[in-house]
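A.B. asks: Start from chain W and add chains E and D according to the hints.
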Amino acid sequence: MNDMRLIERAVDMDDIKISARDVQVYYGDNHAIKDVNVDIQDKTVTAFIGPSGCGKSTFLRCLNRMNDTIDICRVEGDIHLDGEDINDKRVDPVQLRAKVGMVFQKPNPFPKSIYDNAAYGPKIHGMAKNKAELDEIVERALRRGAIWDEVKDRLDAPGTGLSGGQQQRLCIARAVATEPEVLLMDEPCSALDPIATAQVEELIDELRQNYSVVIVTHSMQQAARVSQKTAFFHLGNLVEYDETGKIFTNPEDERTESYITGRIG
Amino acid sequence: MTDATAHTTPEPGSKSSILTVDPHTAKRHAAEGRFKIYGIIAICIGLFFLAALLIAIVSNGTRAFTQTRVVLEIPLVAAEIEAAEAYIVKTSKYNDLVGEALTGAMSDAGIETEMEPKELLMMLSGSAGANFRNFVLENPDAVGGSHQFEFLASSRVDGYLKGRVTREALVDDKNLDAAHLDLVDQMREAGLVERSFNWDFIFGADASESRPEAAGIGVSMLGSFFMMLVVLAFALPIGIAASIYLEEFAPQNRFTDLIEVNIANLAAVPSIVFGILGLAVFIQVMHLPQSAPLVGGLTLTLMTLPTIVISTRASLKSVPPSIRDAALGVGASKMQAVFHHVLPLAMPGILTGTIIGLAQALGETAPLLLIGMVGFIASNPPDGLASGFLDPNSAMPAQIYEWAKRADPAYYERAWGGIIILLLFLMTMNIIAILLRRKFERRW
Amino acid sequence: MPTLWIALFALVLSVVGYALGRRRAMVSADGDIRNLHSRPNYYGVNAALTGLVPAFLVLALWTLGQPLFLQNSVSGMISDAQIEETGSLGLVMSDVRRVADGLDQAVAEGAMDAETAGNVRIDLTDVRARLGEVGVALGSAVSQETLRAAQAYRAQSSFGDLLKTIVVLGIALAGISYAVMRTNATFRARNVVESGVRWLLIAAASIAILTTVGIFLSLIFNTVEFFRLYPAGDFFFGTTWQPSFTGRGGSSQLGVLPLLWGTFYISLIALAVAVPIGLFSAIYLSEYASPRVRSVAKPLLEVLAGIPTIVYGLFALLTVGPLLLRVFGDDTVGWMQGGTAVMTAGLVMGIMLIPFVSSLSDDIINAVPQAMRDGSLGLGATHSETVRQVILPAALPGIVGAILLAASRAIGETMIVVLGAGAAARLSLNPFDAMTTVTAKIVSQLTGDSDFSSPEALVAFALGMTLFVITLGLNVLALYIVRKYREQYE
Numbered sequence: 001m002n003d004m005r006l007i008e009r010a011v012d013m014d015d016i017k018i019s020a021r022d023v024q025v026y027y028g029d030n031h032a033i034k035d036v037n038v039d040i041q042d043k044t045v046t047a048f049i050g051p052s053g054c055g056k057s058t059f060l061r062c063l064n065r066m067n068d069t070i071d072i073c074r075v076e077g078d079i080h081l082d083g084e085d086i087n088d089k090r091v092d093p094v095q096l097r098a099k100v101g102m103v104f105q106k107p108n109p110f111p112k113s114i115y116d117n118a119a120y121g122p123k124i125h126g127m128a129k130n131k132a133e134l135d136e137i138v139e140r141a142l143r144r145g146a147i148w149d150e151v152k153d154r155l156d157a158p159g160t161g162l163s164g165g166q167q168q169r170l171c172i173a174r175a176v177a178t179e180p181e182v183l184l185m186d187e188p189c190s191a192l193d194p195i196a197t198a199q200v201e202e203l204i205d206e207l208r209q210n211y212s213v214v215i216v217t218h219s220m221q222q223a224a225r226v227s228q229k230t231a232f233f234h235l236g237n238l239v240e241y242d243e244t245g246k247i248f249t250n251p252e253d254e255r256t257e258s259y260i261t262g263r264i265g
Numbered sequence: 001m002t003d004a005t006a007h008t009t010p011e012p013g014s015k016s017s018i019l020t021v022d023p024h025t026a027k028r029h030a031a032e033g034r035f036k037i038y039g040i041i042a043i044c045i046g047l048f049f050l051a052a053l054l055i056a057i058v059s060n061g062t063r064a065f066t067q068t069r070v071v072l073e074i075p076l077v078a079a080e081i082e083a084a085e086a087y088i089v090k091t092s093k094y095n096d097l098v099g100e101a102l103t104g105a106m107s108d109a110g111i112e113t114e115m116e117p118k119e120l121l122m123m124l125s126g127s128a129g130a131n132f133r134n135f136v137l138e139n140p141d142a143v144g145g146s147h148q149f150e151f152l153a154s155s156r157v158d159g160y161l162k163g164r165v166t167r168e169a170l171v172d173d174k175n176l177d178a179a180h181l182d183l184v185d186q187m188r189e190a191g192l193v194e195r196s197f198n199w200d201f202i203f204g205a206d207a208s209e210s211r212p213e214a215a216g217i218g219v220s221m222l223g224s225f226f227m228m229l230v231v232l233a234f235a236l237p238i239g240i241a242a243s244i245y246l247e248e249f250a251p252q253n254r255f256t257d258l259i260e261v262n263i264a265n266l267a268a269v270p271s272i273v274f275g276i277l278g279l280a281v282f283i284q285v286m287h288l289p290q291s292a293p294l295v296g297g298l299t300l301t302l303m304t305l306p307t308i309v310i311s312t313r314a315s316l317k318s319v320p321p322s323i324r325d326a327a328l329g330v331g332a333s334k335m336q337a338v339f340h341h342v343l344p345l346a347m348p349g350i351l352t353g354t355i356i357g358l359a360q361a362l363g364e365t366a367p368l369l370l371i372g373m374v375g376f377i378a379s380n381p382p383d384g385l386a387s388g389f390l391d392p393n394s395a396m397p398a399q400i401y402e403w404a405k406r407a408d409p410a411y412y413e414r415a416w417g418g419i420i421i422l423l424l425f426l427m428t429m430n431i432i433a434i435l436l437r438r439k440f441e442r443r444w
Numbered sequence: 001m002p003t004l005w006i007a008l009f010a011l012v013l014s015v016v017g018y019a020l021g022r023r024r025a026m027v028s029a030d031g032d033i034r035n036l037h038s039r040p041n042y043y044g045v046n047a048a049l050t051g052l053v054p055a056f057l058v059l060a061l062w063t064l065g066q067p068l069f070l071q072n073s074v075s076g077m078i079s080d081a082q083i084e085e086t087g088s089l090g091l092v093m094s095d096v097r098r099v100a101d102g103l104d105q106a107v108a109e110g111a112m113d114a115e116t117a118g119n120v121r122i123d124l125t126d127v128r129a130r131l132g133e134v135g136v137a138l139g140s141a142v143s144q145e146t147l148r149a150a151q152a153y154r155a156q157s158s159f160g161d162l163l164k165t166i167v168v169l170g171i172a173l174a175g176i177s178y179a180v181m182r183t184n185a186t187f188r189a190r191n192v193v194e195s196g197v198r199w200l201l202i203a204a205a206s207i208a209i210l211t212t213v214g215i216f217l218s219l220i221f222n223t224v225e226f227f228r229l230y231p232a233g234d235f236f237f238g239t240t241w242q243p244s245f246t247g248r249g250g251s252s253q254l255g256v257l258p259l260l261w262g263t264f265y266i267s268l269i270a271l272a273v274a275v276p277i278g279l280f281s282a283i284y285l286s287e288y289a290s291p292r293v294r295s296v297a298k299p300l301l302e303v304l305a306g307i308p309t310i311v312y313g314l315f316a317l318l319t320v321g322p323l324l325l326r327v328f329g330d331d332t333v334g335w336m337q338g339g340t341a342v343m344t345a346g347l348v349m350g351i352m353l354i355p356f357v358s359s360l361s362d363d364i365i366n367a368v369p370q371a372m373r374d375g376s377l378g379l380g381a382t383h384s385e386t387v388r389q390v391i392l393p394a395a396l397p398g399i400v401g402a403i404l405l406a407a408s409r410a411i412g413e414t415m416i417v418v419l420g421a422g423a424a425a426r427l428s429l430n431p432f433d434a435m436t437t438v439t440a441k442i443v444s445q446l447t448g449d450s451d452f453s454s455p456e457a458l459v460a461f462a463l464g465m466t467l468f469v470i471t472l473g474l475n476v477l478a479l480y481i482v483r484k485y486r487e488q489y490e
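Residue numbers (the UniProt record's numbering), protein chains in the order written: chain W, 1 to 265; chain E, 1 to 444; chain D, 1 to 490.
This is chain W alone, in the form it adopts within the complex (with noise of 0.2 Å):
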C-alpha cells in the first residue's frame, strides 16, 4: 500500500477541470463569497483552507450546485466545468451532481443497508443492467472506499451501525460508486479519530489517480498531506491559490502567512 502513497505529484497539472470566475454567493443580503477566481485541475488533490466562516464550504457548494437546494442563497458568477457553465439554464443539477460527487462533514449514510448505500448512486442513475452488475459495482465503490475488506460479510447490515471511521469511507465508496470525475470533499475528516482520518486521507491519495478532487479542511497539516494545490480564504475572498508547497513556505499575503503560523484563525 505504501507505494502508493510515492505516486508523484505532477500529472496532467495543465488539465483543467473547473473554472470559477468572479463567483458571488449571496445568503439573502450577506454577501458571503467575494470575487473567487480559481482554476482546478484535473486528477489533483485541491484544499481549500482558511478560518471558520471564510465562505470556503459555501464555494465548494456552489461548485456542484448544492447550493440550490437553500432557498435564501444567490450565486452569481461563472463556474465551468470540462469549459460548460454549470449555472446555464440548460443544466441539469441532477446530471451535473452525478459528474461532481460530494463527501460531507458528518457521516451521513442512509438508514439502509451497507450495500443499498453504496447501490443507491448507480440505481437511480441507471449504471447496472442487472444485479450482478451492480453487484460487481458496489464492490469495486467499497474497495475503493478501502472499506471492503471490513463490510465483505455483513452488506447487508445498517450503514448507521458502523463506527464513524467507517461510516465516512462508505460515504466515499458511495461518492465514488456513481463514477463522478470530481469528487468534493468537505471537511471529511472533522468528525473522525486520528486512526480513521489517516486512513480517509490515504483513500484521498489514491482517488487522485483518477478523479480531481477538492477538499475542504481545517487542518493545515492535513492540506499539506494530502494536496498539491492549496487555496486560502479569507472573510468571503480567495486571498491566494497556488502550489501547496509554495503556501506553506513561502506565501506572498501576509494573511496567509499570519493563518499558518497561527496568528490568525
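Incorrect hints may have been included.
Selected chain E positions facing chain W (in silico; Cβ < 8 Å) [unchecked claim]: (1) S17; (2) I18; (3) L19; (4) V21; (5) H24; (6) T25; (7) R28.
Cross-link-like lysine-lysine pairs, in silico, BS3-like; alpha carbons within 30 Å at most [unchecked claim]: (8) W/K152 x W/K106; (9) D/K298 x E/K317; (10) W/K112 x D/K484; (11) W/K89 x W/K34; (12) W/K129 x W/K43; (13) E/K27 x W/K112; (14) E/K36 x W/K89; (15) W/K123 x W/K152; (16) E/K36 x W/K129; (17) W/K123 x E/K36; (18) D/K298 x E/K439; (19) E/K27 x W/K131; (20) E/K317 x D/K484.
Computed spacing ranges between beta-carbons, pair by pair [to be verified]: (21) E/E100 x D/Q105: 41 to 51 Å; (22) E/I37 x W/D156: 28 to 38 Å; (23) E/E116 x D/S158: 51 to 61 Å; (24) E/A26 x W/S190: 33 to 43 Å.
These are calculated hints, taken from the structure and not from any lab test. Beta carbons: idealized from backbone N, C-alpha and C, even for Gly.
C.D. replies: What follows is chains E and D alone, placed relative to chain W:
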C-alpha cells in the same frame, strides 16, 4: 487490495455534456414531475373536501336563519275569548279563532278556496293558538281592539318558500297538500306571508318534534356556556398547576414518568370513554343530576386537561432558564421565581392553549350523549346561576345531534343552521387565540 | 346544594383566617415587616390554607363515600326475595333512591310534612300516587320493603349530611386556629406555604393518574357486573348482536364480533382515504411547497382538524350518504340500499383524519436530518428519489406511529359512525352495507338509560372496556415508536 484497486479502475464515465439531458435523466425528471403532481393532487383533494364541507354547511344552513310568517290581523272579541277560556282544551278554541281570521283575511285578499278553516290552519305552526292565547293573557287591556299577529308558518310552507319542499313531495304528506301551496303563492302576492330574519332560531328554545319551525338553539347555547364556565374554572387552574409541577419541580423519577405517560395517553383516549367515565363517576357514584351542564362540564374538563397541560408545558418551557436564574440570583425562592416571573411570561401562551382546548370541548358531542344531554326538549332558559349549572339542559352540539336524529328535512335545516352558529363560536375563539399569540409572541 | 354551601362557608372561614393570621404576624412583629421571617401575606395564606385544604379534602371524600356507605347499610334491609323479584340488587337500590328522592321533593314542595315522610306506610297511603303528584314518576307500585329502605336511606343520608357539615367546618376552624396560634414573627411561614403549594401542585398533576384510574375502575366494575349476567365467551366470540329491548336478559344476543368488524372496516376505509392524501400533502408541503403556498395550504388543511365531529357526522348523513346513494344505489349498480353505510362513514372519517396524518407526518419528515437530503442530492438524486428512497425509509417508523395514532382515532370516533354508518350490526364484506361499530353501540345502549343493571345497558361498559384496551394498546405502541424515532435523530 492494491491489485483490486489498480485493476478495476475504470475510465471515468464517458465525457457527456452536462448541457444536454440524456434520456435516462429525462425519464427520471418525468417521474419527479409526476411525484410532485401527486402531492399537488393530494392537497387539492384535501382543500376540495374542505370547500365541499363549507359549501354544504353554508348552502344548507343559511336557510335556517330566515323564517316564513303569516301576518294576520285578529279582532280580540271579549266574548269569544271568554268562551275559549271556558273550554277545557283552551288552545284548540283559540286555534279555531285563528282559523276564522285566516279564512277572513284570505277572502278579503280575494283568494278563493273551498277549504275549511281547520285545513287552512295546517299552513300555520301548531303553536298559533297558544301564541294567540299568550298574547291575550299578557295584554288583557288589548281585548276589545284588534292586534296584528305574525304567526309562524308551518315547516312545510316555510320549506316551500325556501325551495326545500316541492308539490311532488307532498303527495304522501298528511301535514300539507299541494293545494295549500297554490294558496301560499296567492297569499304571498297578497302580502299575507312574509319572510324575515329568524331571531327565534338564535335565541329560542327547542320545540317538539312536530314543530320544527319553532325550534331554536338559544337554550342549548346557554347550556354550552355554563359547561364552558365549568371547564374554565376547573381545567385552567388544575392544568396550570399540573404543568408547573411537571415542568418546574418534578424530579426525574418513576412517579413523574407515570404522570407523563398518563397525560400522553389520555390525550389520545377516545372522547366517548370520557363519557363513560363521567356517567360512572359523576352520575352512578356521586349522584350528580343527569343532563346537568355541571356534569357535562366536569366530564369535558377531564377530557380537555391533557390538551391544556401539553400546551401549558410548552409555553413554560419556552421561557428561558436565564429568567429563573435571575430571580433565584436575587434571593427569590424557587416557588417565587416561578409564580412571579416564569408564569406571567408564559401566560399568553397558556391562554392561547386554553382557548384552543375550550374550543375543542365546545364542539365535543359524544361524551354528552352518555351523560344524558340529549333526548329531551330544553324548553326553558335556566333562571339563575344554580339552575344554569344543575338543571337539565342540552348543549349546542348535542342539540344539533338531536335535530339530525329527528329525520325531518326541516330539522336538518335547523341542524345545519346550528352548525353555522357553532362554527362561528369556534372561529371566534380560534381567532382570539391566534391574535393573542401574535400580540404576545416573544422571541428570546 | 348543601355541599356547595359547606364549601362556600369553609371558603369564608379561610378568608377570615387569612386576615387573622396576617394581623397576628404584624402584631408580633410590632408592625414592622422587617422583623418578620416572611412577608406578611404568607402568614395569612398559611392560616387560610391550613384550614381550607384538609376541609375540602374531607368534604370531597365524604361526598364521594357517603352514597357508597349508605348503599351498603341500606341494602342489608332488602330481602333476597325482593331482589329475586326485581331482577337485581342494583334495580332495587335505584328504586329505593328514587323513592327517597321523591319523599325529599314531596317534603320540599309541601305535599307531605317531614314527619309523614319519615313514617308513611304503604298500607295507609298510596305512595306512588302521592309522589306522582309532585312529579316523581315510579315505574311500579312501591313495596313496603322498598319504602322502609327508602325512609332509612333518607334518615341516614340527612344525618350524614349534618355530620358532614359539622366535621368539615370543624376541621376548617381547627386548622385555621392551629395556624393562627403558631403564627409569630420567627415562624417560617413562606417555607410552610411553599411546601403546601408544592403538594397542591403534585395533587393537580396526579389528576392525570386519577383520571386513568377512574376510567379503568368505572369500566372494570361494570364490566365484571356484565360478565356475571352474560357469559364472557358469548360476548367475545358471539357473531350476533341482537339486544332485546324488553330488558331483563335471556333473549339478548350480545356478540361483539360484528361490532368489531364494523369498526375495523370503517377505520380501514378511513385510513385508505386519509393516509395517501395526508402523506402526499405532508411530503409536498414539507419538501416542495414554497413558503407562501405552505403558509396558506397548511392552516387551511388544519381547519379540517378543528371542525367538530358532529359536523362531519351531519355531512356524512345528509350530504355524502345521499350522494353515494345516487352513484351506487338502486338506480345505477344497486350496491347500496341506504345512505348510511360503511363507505359513507369511512369516507367522511378519512376526510377528518387527513390533517391528523398530514401534520404528524410533516413533523416527522422535518425531523429527518438535512444531512440525509444533502447526501442523496449530492449523489445526483432527484428530489423525488431522495424523498422516496431516503427520507421516507428514514421516516418510516415515525410515519407508522402516526398512522397507528390515526387508526386509534378512527376506532374511537363516535359521532360520524353514529350518524353515518347505520345501526344494523352485521358481518358483511360489502362496503356499501350499513354496519355499526363499538362506539355507536355504546351510545345507543347507554343513551337515555339511568339504570345500569340490565345486561343490555351494562354491555356498553364491556364495549367501552374493549375500545379502551384496543385504543390504549395502539396509543402506547404508537407513542413508543414515535419516541424511539425521535431519539434516533436527536
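A.B. asks: Among the hints numbered above, which are violated by the structure, and what are their numbers in rising order?
C.D. replies: No hint contradicted; all consistent.
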